[in-house]
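Undergrad: The residues making up each chain are set out below.
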Amino acid sequence: QKEVEQDPGPLSVPEGAIVSLNCTYSNSAFQYFMWYRQYSRKGPELLMYTYSSGNKEDGRFTAQVDKSSKYISLFIRDSQPSDSATYLCAMSAGYGGSQGNLIFGKGTKLSVKP
Amino acid sequence: GAVVSQHPSWVICKSGTSVKIECRSLDFQATTMFWYRQFPKQSLMLMATSNEGSKATYEQGVEKDKFLINHASLTLSTLTVTSAHPEDSSFYICSIGPGNQPQHFGDGTRLSIL
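Line by line, the protein sequences are chains A and B.
Using this note's numbering, read the first sequence as starting at 4 and increasing by one per residue.
Using this note's numbering, read the second sequence as starting at 6 and increasing by one per residue.
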């Protein structure tokens, strides 16, 4: 079993839809959870960052962490064509994620159609 | 967030040549930088941790004599792929982890070995 599992998609939705992206993991030591957005041929861009269980909201984005189920989610409300990208979940046991042991999912490719 | 600049963005070269990739931290003095590799439709995989003024720490399975890392200053780390072969073709990305913040990534270098 891989440490982090993420459905690669592709996921295609109409503009304005609510998007749900998910990752599961197996290592109970993970405490820091991140979502990155990666456009084609670009580096990952940090979207959301949470510590331990709970929810965090930033504009149209909401991140949820359920440590008991080892399951994290990213919700995108009112999706826009500019949200079309690959979304990577990442997690770490190290403090603040600044440690090198950042484990990534494979990424989910999202396409938002006008 | 921290700004990371990576150069070149794309390089094509013949098999057997060596290629140097630069990673610069533009607004943060980074004692540690990270080098990742990403194959198509795969996760980002940590290759090595670059430490300013000392030897890099390599992940299991990464050849330190093939992937030379130099971190001579607090703002610059370089990765040299020596005697590159087609199987080394990949997307190489560096990152920094400023303080207790999550890692911030450069825009990556697409390496194509003919």
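FYI, nobody ran anything at the bench for these hints, they're computed from the structure.
Honestly, I wouldn't trust all of these hints.
Stated by the list, open to error - A few chain B residues facing chain A, derived, Cβ under 8 Å:
| hint | residue |
| --- | --- |
| 1 | Gln65 |
| 2 | Val67 |
| 3 | Ile98 |
Claimed, not checked - Calculated from the model, a selection of chain B residues having no Cβ within reach of chain A, i.e. all distances over 12 Å:
| hint | residue |
| --- | --- |
| 4 | Gly21 |
| 5 | Ser23 |
| 6 | Thr54 |
| 7 | Thr85 |
Since the model is a prediction, treat every value here as computed from it, not as a measurement.
No residue lacks a Cβ here, since even glycine has one placed at the ideal position from N, Cα and C.
Undergrad: It remains to establish, for every hint, whether it holds in the given structure.
TA: Against the structure, the hints:
no.: 1; hint: Gln65; verdict: violated, 12 Å
no.: 2; hint: Val67; verdict: violated, 12 Å
no.: 3; hint: Ile98; verdict: holds, 5 Å
no.: 4; hint: Gly21; verdict: holds, 26 Å
no.: 5; hint: Ser23; verdict: holds, 23 Å
no.: 6; hint: Thr54; verdict: violated, 4 Å
no.: 7; hint: Thr85; verdict: holds, 19 Å
Checked against the numbered hints listed earlier, the structure breaks hints 1, 2 and 6; every other hint is satisfied.
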